[in-house]
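Student: Chain by chain, the residues:
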Amino acid sequence: MEWLDLIAQVSGSAIRFSVPLLFACLAGLYSERAGVFDIGLEGKMLVGAFTAGTIAALTGSAWLGLLAAILASVLFALIHGFASITHRGNQIVSGVAINFIAAGLTAQLGETWFKLGGQTPQLTNDARFMGYAWPFADALRGVPVLGQIYSQILSGQNILVYLAFLAVPITWWLLYRTRFGLRLRAVGENPAAVDTAGISVPSMRYAAVACCGILCGFAGAYLSIAQSAGFIEHMTAGKGFIALAALIFAKWRPVPAMWACLLFGVLDAISIRLQGVPIAGIGTVPVQLMQAVPYILTVVLLAGFIGHAVAPKAGGVPYVKEK
Amino acid sequence: MASTKAMAAPPAIALAHIDKRFGPVHANRDISLEIGKGTIHGIVGENGAGKSTLMSILFGFYQADSGEISVDGEVTRIMSPTDAIKAGIGMVHQHFMLVGKFTVLENVVLGAEGGFVLNSGLAKARRELERLEKDYGLQVDPDAVIDDLPVGLQQRVEILKALYRGADVLILDEPTGVLTPSEADHLFRILRQLKAQGKTIVLITHKLKEIMAVTDRVSVMRRGEMISTVATADTSPEQLAELMVGRRVLLRVVKSEREPGRTVLEVKNLVVKDASGTTKVNGVSFVVRAGEIVGIAGVAGNGQSELLEAITGIRPPSSGEIRLNGKPLPCDAAEARAQKLAHVPEDRHRLGIVTSFDACENVILGYHGDELYQKGIFQDRRAIRSDTEKKMQDFDVRPQDPNLRLGLFSGGNQQKIVLAREIEQDPDLLIVGQPTRGVDIGAIEFIHKRLIAMRDRGKAVLLVSVELDEIRGLADRVLVMCGGDITGECAPETPEKQIGLMMAGAAA
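Sequences listed follow chains A and B, in order. Just so we're aligned, residue 1 is where the first sequence starts under this note's numbering, counting upward by one. Just so we're aligned, residue 324 is where the second sequence starts under this note's numbering, counting upward by one.
Errors might be hidden in some of the hints.
[As the list claims (entries may be wrong)] Below, a list of computed lysine to aspartate or glutamate pairs in the EDC-like style, where the Cα atoms sit at most 20 Å apart:
| id | chain 1 | residue 1 | chain 2 | residue 2 |
| --- | --- | --- | --- | --- |
| 1 | A | K251 | B | D470 |
| 2 | B | K530 | B | E497 |
| 3 | A | K313 | B | D724 |
| 4 | A | K321 | B | E497 |
| 5 | B | K518 | B | D539 |
| 6 | A | K321 | B | D496 |
| 7 | B | K772 | B | D749 |
| 8 | A | K313 | B | D471 |
| 9 | B | K772 | B | D751 |
| 10 | B | K360 | B | E391 |
| 11 | A | K321 | B | D388 |
| 12 | B | K578 | B | D779 |
| 13 | A | K313 | B | D470 |
| 14 | B | K360 | B | D388 |
| 15 | A | K321 | B | D406 |
| 16 | B | K713 | B | D724 |
| 17 | B | K447 | B | D464 |
[Said to hold, decoys possible] A short, non-exhaustive set of chain A residues, derived as facing chain B with CB atoms under 7 Å:
| id | residue |
| --- | --- |
| 18 | A137 |
| 19 | D138 |
| 20 | R141 |
| 21 | R177 |
| 22 | A186 |
| 23 | N190 |
| 24 | T196 |
[Unchecked claim] From the derived model, a few chain B residues whose C-beta atoms are all more than 10 Å from chain A:
| id | residue |
| --- | --- |
| 25 | E429 |
| 26 | L461 |
| 27 | A656 |
| 28 | R660 |
| 29 | D749 |
Source of the hints: derived by calculation from the structure; they are not laboratory data. Please read all numbers here as calculations on a predicted model, not as lab measurements. Backbone N, C-alpha and C fix where the C-beta goes; we use that ideal spot for every residue, glycine too.
Start from the sequences and build out the full structure, keeping to the hints where you can.
Tutor: In structure tokens form, the structure reads like this:
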């Protein structure tokens, strides 16, 4: 019983940890499937988190915070698009620049506006996305397995968690069952084919990049106004890069992307759970090492365990009409 | 529109005074052309004559600086491929515009999906494909993934794409470059069938034989100008070649009988894999003797490139043996050169030249350590310059300026520089890949003569080309490669059909 309860608790927190990764991972999927590499996921998340924290603190509305986060993140996505689509710049360099600008700007503006050491003011529960307990959640807590799944995993999550997982089938449907998805995938594989079919390559890529911005906005807002009660300097802590790793791990497919993000979420949850807990035969593992586990796993997985991941063929290549 | 019925049927396409410049390059000069409805119209010209530019303007890929286009007698503004498709113009590009990971069906509907949700559009396209299959004999599995299809079928998908969009005029840009002779024959049958159903076809090619075989009328372009349009029945390949180049050219290479001497290159059971580990050359054995040209025929991508790379020391073979003048040849490009192997690579831009370097720097590339070019610890620029001047003169390279950036020379002149560099080293074995790819007819004649001269001096020449005519014209013996195997050896006089069968994998 105690074990089951522990597993249910870890699973619940694993889901919460995986949500920002999932949003960011799907964000990257839209962009990269359209042929625009985006290592600026981290930066856009950070901008989203900061904007959400700021607007939620000023207005007291979580929804306005989310909306603002999306707008800010889309703006940064469009900057990336402007550099890499319109001006055919190097997508990696542009992504790095976005990350630097985001890190510097959020810290600086936070300090200037709020004088709280780079943080935004602590939010009240009204200005955050709080978990909703489902009916009878408490009553069913004692029922083994099903009751635990219901009360500790399904129930009690905030709305963004459900949206994140809903985004997976929606993305799948958009990508594989609609005109938009067909064109988006085509533009990432052979933009010349799209161009000669009479479709504008830049507008398809801008659309994809905008989708990426929207989802990064969700990811950022989740961090600052759902998971926490305010923005903290550099609070993304590399999640954008983990999401990118998950994307490659999932070979740029939405459903495997969800599993990859959940795997990283589980690792996060376990590493926190095991902090300070002695492990039989080893003793207490230093906190730092536990925190490093997801990153180590990323390297290991990417280095050898995923086989040959074939990126979208035209990924990273600006489209130039050949003469 | 109705009023035109009374008059003679207007041409399917009429171009009037089309003019187009790319910066300093005047690609199309005041071009006027009429293409009759329900005809197959050929457009020939050398590389850079402006054929592709003209067709790209017709398809809306570029806009003309001036001039107008009429479709079915009506002046039509074509600003984008969408406009062209609306006007009933379809194009089959030289490099297929297909998404390799998509199915045939998905490629066909791309850009004409018929609604946001794909389902109904795909179902409709499937029915339409079945109809087109029946009408034109264009069989292809709609659920096959493009990357799994042979090029011949991929091209069929391109044609289907255009027909699905309701094209009445179909432009084909160098459609046979990637096909085996029998696939090309099949394509021509399809084209005739399309014509019989009232479609108009524009065929861009540099292969005069195809023009003669399939077109009704033919237009010749030279240096951006439309030189003449004639009925195919009233002309000959020789006349067309003369119109293309502007002077008389020899289409057939003259060569004398010659008895080959000792073995120079010996290849035994050679196996070569590509970067992804796929076996590309599958245990190939052959010899090349002094004073003979051995030609390797085959459709591009059947292991010829990897074979060349292995022999010239660029790609290490997995197993097998290569001997030059009886000695084993290590896999080392520099060592191969030292042992008197010269290499004119297939892809000169990737392996043969540096376009941003001067001509003279390109002339010493790979031989830059030679005594001749040194002066103490420095390079002797003067010696390099005079050597380049001499080579340029001998190989008729124009313009004759050793300090000009190589990128500014035409393809033919770039290739002559590579040939000059390699041939003048007086090698025992000359390996030549696609010697006339992207080279104009005038230069082709010259290059062919030089290769024959090498052979007549008693050198061994290994020639790889996808142009079957070139192989048959130059080689003393022909080897045919298909799927990494040598599927046959024959005399160059062997009928094209029979060589074509071997190219498709049938044993000799």
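Student: Each hint should be assessed against the structure and marked as holding or not.
Tutor: Hints, one by one, checked against the model:
Among the hinted pairs, K251 of chain A with D470 of chain B is consistent with the structure: their alpha-carbon atoms are about 18 Å apart, no more than 20 Å. Straight-line distance between C-alpha atoms of K530 of chain B and E497 of chain B comes to about 9 Å, which keeps the hinted pair within the 20 Å bound. This hinted pair does not check out: K313 of chain A and D724 of chain B have alpha carbons roughly 40 Å apart, beyond 20 Å. At roughly 19 Å between alpha-carbon atoms, K321 of chain A and E497 of chain B fall within 20 Å of each other, so this suggested pair holds.
A C-alpha spacing of about 11 Å is found between K518 of chain B and D539 of chain B, which places the hinted pair at or below 20 Å, so the restraint holds. The hinted pair formed by K321 of chain A and D496 of chain B meets the criterion: a straight-line CA distance of about 17 Å does not exceed 20 Å. For the suggested pair K772 of chain B and D749 of chain B, the alpha carbons sit about 16 Å apart, so the restraint of at most 20 Å is met. Under the criterion of a C-alpha separation no larger than 20 Å, the hint pairing K313 of chain A with D471 of chain B is consistent with the structure, at around 16 Å.
For the proposed pair K772 of chain B and D751 of chain B, the alpha carbon gap of about 18 Å is at most 20 Å, so the pair holds. Our distance criterion of 20 Å between C-alpha atoms is met by K360 of chain B and E391 of chain B, whose separation comes to about 18 Å. About 18 Å separates the Cα atoms of K321 of chain A and D388 of chain B, which keeps this hinted pair within 20 Å; it holds. This hinted pair checks out: K578 of chain B and D779 of chain B have alpha carbons roughly 9 Å apart, not beyond 20 Å.
A hinted pair counts as satisfied when its Cα atoms are at most 20 Å apart, and K313 of chain A with D470 of chain B qualifies at roughly 12 Å. Straight-line distance between C-alpha atoms of K360 of chain B and D388 of chain B comes to about 26 Å, which puts the hinted pair past the 20 Å bound. The suggested pairing of K321 of chain A with D406 of chain B holds, with an alpha-carbon distance near 17 Å, which does not exceed 20 Å. Pair hint K713 of chain B plus D724 of chain B holds up; C-alpha atoms about 11 Å apart against a cutoff of 20 Å.
Taken as a hint, the K447 of chain B and D464 of chain B pair is honoured in the structure, with Cα atoms around 15 Å apart against an allowance of 20 Å. At its closest, the beta carbon of A137 of chain A sits 37 Å from a beta carbon of chain B; the interface hint therefore is violated under the 7 Å criterion. Residue-level restraint check for D138 of chain A is violated (minimum Cβ-Cβ distance to chain B is 42 Å; threshold 7 Å). For R141 of chain A, the interface hint is violated, the least distance from its beta-carbon to any beta-carbon of chain B being 42 Å, above 7 Å.
Taking 7 Å as the C-beta contact cut-off toward chain B, the hint placing R177 of chain A at the interface holds, the least distance being around 6 Å. Annotation: interface hint on A186 of chain A holds; nearest CB of chain B at approximately 5 Å, less than 7 Å. At a threshold of 7 Å, the smallest CB-CB gap from N190 of chain A to chain B is about 5 Å, leaving the interface hint in force. Here the hint on T196 of chain A is kept, as its CB sits about 4 Å from the closest CB of chain B, short of 7 Å.
Chain A draws E429 of chain B into its interface by the beta-carbon criterion, the shortest separation being 6 Å against a cut-off of 10 Å. With a least CB separation of 19 Å from chain A, L461 of chain B remains clear of the 10 Å interface cut-off, as annotated. Distance check on A656 of chain B: its Cβ is at least 29 Å (rounded) from any Cβ of chain A, clearing the 10 Å threshold; non-interface status holds. Distance to chain A confirms R660 of chain B as a non-interface residue, since its nearest Cβ pair spans about 34 Å, more than 10 Å.
Every CB of chain A lies more than 10 Å from the CB of D749 of chain B, the least distance being 39 Å, so the non-interface label holds.
When each numbered hint is compared with the structure, violations occur for hints 3, 14, 18, 19, 20 and 25.
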